[in-house]
Amino acid sequence: AQSVTQPDIHITVSEGASLELRCNYSYGATPYLFWYVQSPGQGLQLLLKYFSGDTLVQGIKGFEAEFKRSQSSFNLRKPSVHWSDAAEYFCAVLGGGADGLTFGKGTHLIIQP
Amino acid sequence: GAGVSQTPSNKVTEKGKYVELRCDPISGHTALYWYRQSLGQGPEFLIYFQGTGAADDSGLPNDRFFAVRPEGSVSTLKIQRTERGDSAVYLCALAPYNEQFFGPGTRLTVL
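One line per chain: the protein sequences are L and X, in this order.
The opening residue of the first sequence carries number 1 in this note's numbering; numbering runs sequentially from there.
The opening residue of the second sequence carries number 114 in this note's numbering; numbering runs sequentially from there.
No wet-lab data here; the hints were simulated from the structure.
Note that beta-carbon positions come from the ideal geometry of N, C-alpha and C, so glycine has one too.
Mixed in with the good hints, there may be bad ones.
[Unchecked claim] Straight-line C-alpha distance at most 27 Å; calculated BS3-like pairs for lysine-lysine:
| no. | chain 1 | residue 1 | chain 2 | residue 2 |
| --- | --- | --- | --- | --- |
| 1 | L | Lys49 | L | Lys68 |
| 2 | L | Lys49 | L | Lys105 |
| 3 | L | Lys49 | L | Lys61 |
| 4 | X | Lys130 | X | Lys191 |
| 5 | X | Lys124 | L | Lys49 |
| 6 | L | Lys61 | X | Lys124 |
[Claimed, not checked] The following label-pair restraints were derived from C-beta to C-beta distances:
| no. | chain 1 | residue 1 | chain 2 | residue 2 | range |
| --- | --- | --- | --- | --- | --- |
| 7 | X | Pro209 | L | Ser26 | 34 to 40 Å |
| 8 | X | Ser151 | L | Glu64 | 45 to 51 Å |
| 9 | L | Thr55 | X | Gly185 | 33 to 39 Å |
| 10 | X | Leu224 | L | Thr55 | 38 to 44 Å |
| 11 | X | Ser140 | L | Glu66 | 40 to 46 Å |
| 12 | L | Glu66 | X | Thr126 | 43 to 49 Å |
| 13 | L | Ser80 | X | Ser151 | 18 to 24 Å |
| 14 | X | Thr120 | L | Tyr32 | 25 to 31 Å |
| 15 | L | His82 | X | Lys128 | 39 to 45 Å |
| 16 | L | Ser18 | X | Gly153 | 24 to 30 Å |
| 17 | X | Gly166 | L | Ser14 | 49 to 55 Å |
Put together the whole structure using the sequences plus the hints.
Structure representation (structure tokens):
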């Protein structure tokens, strides 16, 4: 069965600084990969996805992610964070015969002034 | 969430009671998913419908949980003899393609 690891439970970044959130997955073939964001009191919103092709994918709100097969990683990046980016971020994988998404435990992003 | 509403938004019940949680797609998507998100965790897959039938219910934790989608649109998640450990946010998602779009969820609290 596939699994997703988000090693950082909390990350604190200064407003305007760059951001990288880590995600590692365990799966035999190339899975479908996703990043979701969940703000307090809000539902899960899809930031971006990777299915195939170019390994650097662009998403909404200025986010991007890079799929690295050799490292089984799909890290999320943003060049300059805004206070409104404070939220919980989830990496997810679809594949391995499972019909549902498998999520990581999430990374809580804190933005300091 | 894009294209799906969930009711109620909050449900408080007592241990041992029966609850029903509703997912109402605004548009007609054949693929519908239920997930459960416990505090401090990512969502966990419960069940997947393709049309009216449950194509995969491997994520249901035990036989107290059941879900239906009789007409291929609205789905209801049913929990019998609720336990305090069932307290969580229950999420419904639609999948027009391989992307899944989530509803706002129902927060269930079992006292």
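Evaluated hints:
Between lysine 49 of chain L and lysine 68 of chain L, the direct Cα distance comes to roughly 14 Å. Compliance with the 27 Å bound is thereby established for this hinted pair. For a cut-off of 27 Å, the pair hint linking lysine 49 of chain L to lysine 105 of chain L stands: about 18 Å separates their Cα positions. For the hint linking lysine 49 of chain L to lysine 61 of chain L, the alpha-carbon distance of about 14 Å falls within 27 Å, and the restraint holds. Between lysine 130 of chain X and lysine 191 of chain X the CA atoms are separated by roughly 11 Å; this keeps the pair inside 27 Å, and the hint holds.
This hinted pair does not check out: lysine 124 of chain X and lysine 49 of chain L have alpha carbons roughly 33 Å apart, beyond 27 Å. For the hint linking lysine 61 of chain L to lysine 124 of chain X, the alpha-carbon distance of about 33 Å lies beyond 27 Å, and the restraint is violated. Take proline 209 of chain X and serine 26 of chain L: their Cβ atoms lie about 27 Å apart, and the range 34 to 40 Å is violated. Hint check: serine 151 of chain X to glutamate 64 of chain L, Cβ distance near 30 Å, so the stated range 45 to 51 Å is violated.
For threonine 55 of chain L paired with glycine 185 of chain X, a C-beta distance near 37 Å keeps the hint of 33 to 39 Å intact. For the pair leucine 224 of chain X and threonine 55 of chain L, the supplied restraint of 38 to 44 Å is violated, since their beta-carbon distance comes to about 48 Å. At roughly 33 Å, the beta-carbon separation of serine 140 of chain X and glutamate 66 of chain L lies outside the given 40 to 46 Å, and the hint is violated. As the Cβ distance of glutamate 66 of chain L to threonine 126 of chain X is approximately 44 Å, the hint placing it in 43 to 49 Å holds.
Between serine 80 of chain L and serine 151 of chain X the beta carbons are some 33 Å apart, a value that contradicts the proposed interval 18 to 24 Å. Between threonine 120 of chain X and tyrosine 32 of chain L the Cβ separation comes to about 30 Å, which falls inside the hinted range of 25 to 31 Å. Under the hint 39 to 45 Å, the C-beta atoms of histidine 82 of chain L and lysine 128 of chain X, about 43 Å apart, fit the expected range. Judged by the Cβ atoms, the range 24 to 30 Å given for serine 18 of chain L and glycine 153 of chain X holds: they are separated by roughly 26 Å.
Checked against the hint of 49 to 55 Å, the C-beta distance between glycine 166 of chain X and serine 14 of chain L comes to roughly 51 Å, which is consistent with it.
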